[in-house]
Amino acid sequence: MSLSVQIVTPAAVAWTGTVDEVQAPGLSGEFGALPGHALLLSATRPGVVTLHQGGGQTRFLVGAGFAEVSAEKVTLLVDLCEQAGSVDKGAAAEALAAAESRLMHASPDSPEWVEARAAAELASARLEA
Amino acid sequence: MASLRDIRNRIGSVKNTRQITRAMKLVSSAKLNRATQAATSARPYQQALERTLQRVVGAVGGAVEHPLLRLPNNENDVLVVVMTADRGLCGNFNSIINRAAQLKVEELVAAGKNVRIYCYGKKGRQHLARRGFTVADSVVDLNPKAYPAIADELSLRLQRELAEDAFSEVFLAYNRYRSVLSQEPTVERILPMQLEVPATPEGEVAEGVDFLFEPDASSLLARLLPMSLRTRLFQALLETQAGEQAKRMTAMDAATRNASELINRLTLEYNRARQAAITKELIEIVSGAEAL
Chain W
10 MSLSVQIVTP AAVAWTGTVD EVQAPGLSGE FGALPGHALL LSATRPGVVT
60 LHQGGGQTRF LVGAGFAEVS AEKVTLLVDL CEQAGSVDKG AAAEALAAAE
110 SRLMHASPDS PEWVEARAAA ELASARLEA
Chain D
122 MASLRDIRNR IGSVKNTRQI TRAMKLVSSA KLNRATQAAT SARPYQQALE
172 RTLQRVVGAV GGAVEHPLLR LPNNENDVLV VVMTADRGLC GNFNSIINRA
222 AQLKVEELVA AGKNVRIYCY GKKGRQHLAR RGFTVADSVV DLNPKAYPAI
272 ADELSLRLQR ELAEDAFSEV FLAYNRYRSV LSQEPTVERI LPMQLEVPAT
322 PEGEVAEGVD FLFEPDASSL LARLLPMSLR TRLFQALLET QAGEQAKRMT
372 AMDAATRNAS ELINRLTLEY NRARQAAITK ELIEIVSGAE AL
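Residue numbers (my numbering), protein chains in the order written: chain W, 10 to 138; chain D, 122 to 413.
Hints in this document: simulated from the structure, not taken from any laboratory. Computed from a predicted structure; not experimentally measured. Possibly wrong hints are sitting among the right ones.
Computed far set for chain W versus chain D, every beta-carbon distance over 10 Å [unchecked claim]:
{"hint": "1", "residue": "GLY26"}
{"hint": "2", "residue": "ASP29"}
{"hint": "3", "residue": "GLN32"}
{"hint": "4", "residue": "SER51"}
{"hint": "5", "residue": "GLY64"}
{"hint": "6", "residue": "ALA73"}
{"hint": "7", "residue": "GLY74"}
{"hint": "8", "residue": "GLN92"}
{"hint": "9", "residue": "GLY99"}
{"hint": "10", "residue": "ALA102"}
{"hint": "11", "residue": "ALA107"}
{"hint": "12", "residue": "GLU109"}
{"hint": "13", "residue": "ARG126"}
{"hint": "14", "residue": "ALA129"}
A few chain D residues that face chain W, going by a derived Cβ cut-off under 10 Å, partial list only [claimed, not checked]:
{"hint": "15", "residue": "PHE254"}
{"hint": "16", "residue": "SER300"}
{"hint": "17", "residue": "LEU345"}
Simulated restraints, written as ranges between beta carbons of each label pair [claimed, not checked]:
{"hint": "18", "chain 1": "W", "residue 1": "VAL22", "chain 2": "D", "residue 2": "PRO188", "range": "51 to 57 Å"}
{"hint": "19", "chain 1": "D", "residue 1": "ILE141", "chain 2": "W", "residue 2": "HIS114", "range": "50 to 56 Å"}
{"hint": "20", "chain 1": "D", "residue 1": "LEU147", "chain 2": "W", "residue 2": "GLY45", "range": "40 to 46 Å"}
{"hint": "21", "chain 1": "D", "residue 1": "ILE141", "chain 2": "W", "residue 2": "GLY99", "range": "43 to 49 Å"}
{"hint": "22", "chain 1": "D", "residue 1": "GLY182", "chain 2": "W", "residue 2": "LYS82", "range": "23 to 29 Å"}
{"hint": "23", "chain 1": "D", "residue 1": "LEU147", "chain 2": "W", "residue 2": "LYS82", "range": "47 to 53 Å"}
{"hint": "24", "chain 1": "D", "residue 1": "SER340", "chain 2": "W", "residue 2": "ALA80", "range": "53 to 59 Å"}
{"hint": "25", "chain 1": "D", "residue 1": "ASN137", "chain 2": "W", "residue 2": "GLY99", "range": "51 to 57 Å"}
{"hint": "26", "chain 1": "D", "residue 1": "ARG208", "chain 2": "W", "residue 2": "LYS82", "range": "41 to 47 Å"}
{"hint": "27", "chain 1": "W", "residue 1": "GLY38", "chain 2": "D", "residue 2": "LEU147", "range": "37 to 43 Å"}
C-beta: ideal position from N, C-alpha, C; glycine also.
Turn these sequences into a full structure, and let the hints guide you.
Given below as structure tokens:
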């Protein structure tokens with residue numbers, strides 16, 4: 010049994026293939042999906058998606074989005090998707106600092122605040138990747 | 122009667138024009154390729170998003186509140202977003218969408234609405250400004266690479282303005298891309314959004330109810346709607362670009378053909394005039410000899 014996985018971004022299908030297990034950053038915590046998973050539709054936050062294949066694993070950095078899980082298929086609908094190895098940590102650290110200082114100055118729940126929080130989440134996900 | 126030199130010059134200038142139109146055709150066909158490719162690779166996301174939206178809407182059954190769904194507290198102001206090309210020489214691409222947009226604006230004005238216009242692309246701004254409409258804002262010199270950012274920005278801006286009750290409705294005017302030969306001017310209302318609850322056939326379970334939602338369905342919907350708005354704008358930009366290049370390619374192909382035809386006709390005329398001149402000269406020589 011294996012899972013077919015599709016990572017889709019607005020610009021293109023970033024990755025397709027079959028894997029043994031998927032780990033994705035759900036909004037309320039990391040979740041894993043194995044073949045035969047119940048139907049699930051979950052929002053995801055920026056973070057790292059890990060695909061387990063055979064013995065090895067592939068990691069992707071993804072933006073916010075959705076994961077649709079069924080028994081044999083996982084579709085990740087995300088803002089962006091990058092190979093985890095190719096992330097520029099220096100730029101991410103700078104972006105995180107900039108986003109955090111914007112967060113400090115914006116009033117909570119204003120559009121600027123929401124935007125800065127999204128930027129901060131993405132930057133810290135980049136640092137983790 | 123045009124002199125030989127005149128005709129020769131004319132042929133030369135038509136040849137130059139043909140060179141230009143041919144080059145433009147090649148360039149736009151390359152751009153069209155890229156644009157259709159971009160549109161094709163963006164489709165899986167749109168389809169997946171659409172499907173997800175249907176599921177969630179099916180599960181919540183339409184009874185949901187969201188800033189993008191509520192009717193604004195404003196009845197007078199209407200926003201019209203017009204997407205055109207930046208350049209001309211692309212057949213009737215700009216004129217059909219401008220005409221459709223203008224009709225809509227006039228209709229809204231006649232209904233007593235206060236219309237604000239946002240233009241994406243120079244040609245729309247030019248057209249509407251010349252006809253005395255005030256273009257509140259415009260973004261020109263669009264680069265296909267920047268489309269995701271433009272769509273982001275516009276969708277955020279629309280959401281912000283909707284939250285401030287700055288308009289009652291938003292219409293989007295753009296050319297829907299059907300095929301290389303056909304683009305259809307489309308004016309559609311994009312805000313406030315309307316949810317279409319998928320009809321459930323008798324005796325079947327509504328779409329999406331067998332799903333586990335994480336978090337609950339209405340908060341998922343709240344995240345989906347802005348994405349759907351942005352995707353729609355992005356899609357419209359992609360289709361505008363593809364349509365423009367397709368129209369330019371066909372227009373420049375026709376122009377190249379016309380130029381070739383014209384060159385043939387002029388060459389014929391040139392040869393005939395040359396022959397006439399030779400004959401005339403011969404007659405002069407012969408009659409001169411006879412006179413001796």
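Inset, instruction - Sort out which numbered hints this structure fails and list those numbers smallest first. - result: 4, 6, 7, 15, 16, 18, 20, 23, 24, 27
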